[in-house]
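> Okay, here's what each chain looks like letter by letter:
Number of protein chains: 2
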Amino acid sequence: MGSRWKNSGNCCASGMLSLCVLVSLSICLSRAEDSAMENIVTEKKAEESHRQDSADLLIFIMLLTLTILTIWLFKHRRFRFLHETGLAMIYGLLVGVVLRYGIHVPRDMNNITLSCHVNASPATLLVNVSGKFYEYTLKGEISGKEIDDVQDNEMLRKVTFDPEVFFNILLPPIIFHAGYSLKRRHFFRNMGSILAYAFLGTVISCFIIGLLMYGCVTLMKQIGQLGGDFFFTDCLFFGAIVSATDPVTVLAIFNELQVDVDLYALLFGESVLNDAVAVVLSSSIVAYQPQGDNTHTFEAMAMVKSFGVFLGVFSGSFALGMATGVMTALVTKFTKLRDFSLLETALFFLMSWSTFLLAEACGFTGVVAVLFCGITQAHYTYNNLSPESQDRTKQLFELLNFLAENFIFSYMGLTLFTFQNHVFNPIFIIGAFLATFLGRAANIYPLSFLLNLGRRNKISSNFQHMMMFAGLRGAMTFALSIRDTATYARRMMFSTTLLVVFFTVWVCGGGTTQMLSCQRIRVGVDPDQEHSIGPDGIERRSTKHESAWLFRIWYNFDHNYMKPFLTHSGPPLTATMPACCGALARCLTSPQAYENEEQLRDDDSDLILNDGDISLTYGDITVSTDASGAHTSSRPSVVAANSDELDRELALGEHELVIRGTRLVLPMDDSEPPLPGDVLHRRSGALS
Amino acid sequence: MGSRWKNSGNCCASGMLSLCVLVSLSICLSRAEDSAMENIVTEKKAEESHRQDSADLLIFIMLLTLTILTIWLFKHRRFRFLHETGLAMIYGLLVGVVLRYGIHVPRDMNNITLSCHVNASPATLLVNVSGKFYEYTLKGEISGKEIDDVQDNEMLRKVTFDPEVFFNILLPPIIFHAGYSLKRRHFFRNMGSILAYAFLGTVISCFIIGLLMYGCVTLMKQIGQLGGDFFFTDCLFFGAIVSATDPVTVLAIFNELQVDVDLYALLFGESVLNDAVAVVLSSSIVAYQPQGDNTHTFEAMAMVKSFGVFLGVFSGSFALGMATGVMTALVTKFTKLRDFSLLETALFFLMSWSTFLLAEACGFTGVVAVLFCGITQAHYTYNNLSPESQDRTKQLFELLNFLAENFIFSYMGLTLFTFQNHVFNPIFIIGAFLATFLGRAANIYPLSFLLNLGRRNKISSNFQHMMMFAGLRGAMTFALSIRDTATYARRMMFSTTLLVVFFTVWVCGGGTTQMLSCQRIRVGVDPDQEHSIGPDGIERRSTKHESAWLFRIWYNFDHNYMKPFLTHSGPPLTATMPACCGALARCLTSPQAYENEEQLRDDDSDLILNDGDISLTYGDITVSTDASGAHTSSRPSVVAANSDELDRELALGEHELVIRGTRLVLPMDDSEPPLPGDVLHRRSGALS
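Chains as they are written, first to last, in the numbering used here: chain W, 362 to 1049; chain H, 362 to 1049.
Just chain W, same shape as in the assembly (with noise of 0.2 Å):
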């Protein structure tokens, strides 16, 4: 067979890698071929491919299928030991278990391996098929053992998704409704202990795990068991993802058992946050790229660099996220948008989708931005929304939450077995438990002890311990770690993450109810119970001075300026901004903050119902300003209302809360202040 090829430079213009080549080859088939044939051979192929995938996506569709009515029996009989996670991912298994050893492919014919070996991998790929071109697209890097299975596994690499589907699919659902539904009052009552968690915790982890792993994996470099290299980068990298806690089974429980408030705040305020510190934590130790040849020494600059990254990228992810926020509640503020419930609904869900694709264009983490998003959504433009669009966004959210969560539970399961590279290391796997149980115990009790100084209700001792016990695993661990999985340290990571996110949720989630029991923890705690206990106030003072610095001044602002410039409620602009920018406060408030603040003295009931509902309302404010006047002399008395006022307001924000886990619920919370029939009915249906 003759072959000639030659180079036409009709593109080789400068550029480091921009070559141009063209082989001409005439092998096996004769040139004789009849186009038109290989054209309907070509559709054909096509067609097929497309069948095959329908087909893999109705697996899928198929599992959360028969998940959704096993959980269905589940809460019908009052059984709480698996959650429909765990549950997702058992199904998983067993599909994945049939699909790897049931059905048996056989080698698939149509699939052509050619195979050029040039210098370059090319983004995009002309091959010219007797005259006509075909353009391929770079899908991504095969090793080399893996090359005789392509075709032989066809089928089980069908099932396997790019990685980046969780990113960019799976994983913003999830996390907006995380943010949109944050508990906020009793969030913001432990602010300063969740961000301690949140940040320096998941920081500490971090480094505790991946010290301990380098440890583990130079121990098996010497007894031989490393088939590959392993940096003390990787170990971090590992240390990062696997800090990313997700107790959506403990919340679950939590919420069904109404588990004390603040332990709840506290858990899910650090789970939230700690997704993204995670996340930017791992990209960042991936951007750790230090100068000379040697490219894993440490080195200071690249240290800094790194640190850089971290600070850079969560800022501008934060900012995104509040930017889009903010533009949101100002639209839904200033147009009559709420009077045609579906395009504000459209609106609202593609304003908060494009924060995601900003961030991503803008190369931030859009993951990170949308979670901000969704908090900033939930505080401000929520209380803009017509109360039909209030419920659409929830309950959308609440579903693609549901969804998402329960199909990426269910992948976890199927590719445990579908994966081709799994590297399992008995040594690597117990260390990496043993480690993040470590890395755990030192975010959570050192922090703890620090933290119970300023506070005043302390974090009990029983707390810590249920903390300790409820840090699961999930979904943002597994999306981090199957990433990447080109190199042999990632594959070995991918494979134990696994092991540990399976662990964590069937064992830890499933003994949660035991754990409860064991560590005496009071269950069945009515969230406004504790205010109405009267005015002794120990409660009171305690959740006032908790994170006193950090909360007011965030209270103040948030309560004087924000609310009233984003909301039609707060206090008007008039009264709180300075003199000087009067007429711009005029302009920037809402007629109905006015009336409002009149309605405030006679009734606050129904003001609870209507936009209490998520957001922080404005209590009973002591400032009484008349429209026109902007005398700024009333504004040390809001601040100095806050004190008391603070509590009652933070109280407001309970009702009709859609939290994270609340899909669990039992239509069992009686518990509740008497609402009309509608809400409670309708509130009733968003929590089962």
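In case anyone wonders, no lab produced these hints; they're calculated from the structure.
There could be a bad hint or two in this list.
In silico contact screen, one side only, chain H against chain W (beta carbon under 10 Å); selected entries [unchecked claim]:
| id | residue |
| --- | --- |
| 1 | 411 |
| 2 | 419 |
| 3 | 423 |
| 4 | 436 |
| 5 | 660 |
| 6 | 698 |
| 7 | 712 |
| 8 | 714 |
| 9 | 720 |
| 10 | 723 |
| 11 | 917 |
| 12 | 919 |
Yeah, the Cβ is synthetic: ideal placement off N, Cα and C, and Gly gets one too.
Add chain H to chain W, keeping to what the hints say.
For chain H alone, coordinates are given in the frame of chain W:
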């Protein structure tokens, strides 16, 4: 530069296309290049393209957001000349212009075009980059003259989606929503006529247009205007895709002005069904593959075969759609899933989606299956859902429909400028417009004449003119035409179709109100009024006798067997089924069925509000059976009862309907029977 290559026959098994070559060239770049460096470069490239994708998607999100805000303004100002879809197209056009002429993208250097000239286009391609194997997947064929553009117009090519996206992601929710919100009562009243228009009419217009276009094409060939092949099958294909009407604009206005309900039903029903017909028709035309060397001669055998394909695919998709719908109904009926509306909604969503995937996997048409699934879900499952889920599902699919529809239309506008291979041919375009017009005429007028022979309430001439005028082309036509733009003929079709859509949506859509007034079609008709006219009953009898045979068969079967079997409503199966299978009947009939029967006597009203919602509720049935008794003697009375109860029953189906266009209705529908505040409140929300 030296080139060596060896043929490693490691996988050259049998199988006509299975070849495996290993070519190794060492060009341009030095062998000594650092592989780590390479990795980084590859990563960077991937990241870059991801950013690009995000940015592109962001463009569309922004477009939609802009559209929403403008629509709001229009509605706010009661401005009816431009529908949101038309608006979306305009914005799309603008952005398209900017992308095409405004932004000049520098030649992308990172994009290597390596073209291996071999005799087959594999689905998967392995490229061996100095030891590393990268996997490539077939994206599709691109025309020879495009190749130089590949790099120039990287950006333009990026914003053009894979056409399959429309069929697999955007179209299904639209079609499902159409089916889920078919205005049942008037639809079934005019079922005969609708089916005639949808099936006969579409086929007629397809062939008329096909023939006319063939004439046009031959003319062009004569005067040497034709730049490539254009066979008769292509003409027929064009006829098929252009025959799918989508008068969403018109329907929205009808709805707003409350135009005569029968006219509405005729138009909506036709448009929903002829989408399905057009899809299957076009696919069966493509399937027309005569044997022999000349593949474009007429051949009876192939003709029959493709007719078989039509019947097979259509009935198969229909059956699948029905099947999944029925399954969902059964699951929701026999489980207590309604206690957890989130689970219920998720299940509903997943089952409906699985219809599509199942159909695609089986080689049927997913879109058609989804349509009939939607109808079934609305007709049966909807009654079993809890009120929350009823709202949720309605709102969810309303939102999806809204987003998908506007996305498609804005993409249409965009693609007019960003699509690379437009073929605008004045003669063809003029011919197409003419043919489209005549085809529509040949559909409406003759059929109306024939139908009027059988109808009591004739389709008046002004109705016919209105239907003629309302033959807008929309999403389906576009999706079908963009699906395959490989050949010259297909490209010309695509470009022409775009113009047809633009014209019809803007001109016909915009002129609807004028047309209505000049045709003197009465507006502001209360759907229920005509039935409360009194016992003179001309209307009654007419509706009763319209397509009597078809309707009555269907209705009796549905009312006596399907409803009781699939829902909690209807007469107990024990009453309707023959005595022999009494046991089966007893276990299939839900306890409610008996209770309902009791209730019927004392109060209808609340039933109307509970699940009379979309379903045909079971009016006041004259038959009376005790739970145990399975005496079939009562069946005749059931049948007999229909003739009178029919309209009243159908009338119940009217309340709180979400219909395809309703999102456009301004909250000004006071002409409806008073409902409890909550429902009315939420309804107007759903409508606006």
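> Are the hints correct? Go through all of them and say.
Okay, the hints, checked on the actual structure:
Interface restraint check: residue 411(H) against chain W, minimum CB-CB distance 7 Å, threshold 10 Å, status holds. Taking 10 Å as the C-beta contact cut-off toward chain W, the hint placing residue 419(H) at the interface holds, the least distance being around 4 Å. Given the 10 Å rule on beta carbons, the hint for residue 423(H) holds: about 7 Å separates it from the nearest Cβ of chain W. Interface restraint check for residue 436(H): the shortest CB-CB distance to chain W comes to about 6 Å, inside 10 Å, so the restraint holds.
Annotation: interface hint on residue 660(H) violated; nearest CB of chain W at approximately 16 Å, more than 10 Å. The beta carbon of residue 698(H) is positioned within 10 Å of a beta carbon in chain W (closest approach about 5 Å), and the interface hint is therefore held. A cut of 10 Å between beta carbons decides the hint on residue 712(H): the least distance to chain W is about 7 Å, and the hint holds. Against a cut-off of 10 Å between C-beta atoms, the interface hint on residue 714(H) holds, since the closest Cβ of chain W lies about 6 Å away.
At its closest, the beta carbon of residue 720(H) sits 8 Å from a beta carbon of chain W; the interface hint therefore holds under the 10 Å criterion. At a threshold of 10 Å, the smallest CB-CB gap from residue 723(H) to chain W is about 8 Å, leaving the interface hint in force. Violation of the interface hint for residue 917(H) is found here, the shortest Cβ-Cβ separation to chain W being roughly 33 Å, above the 10 Å cut-off. Because the closest C-beta pair between residue 919(H) and chain W is about 26 Å apart, greater than 10 Å, the hint is violated.
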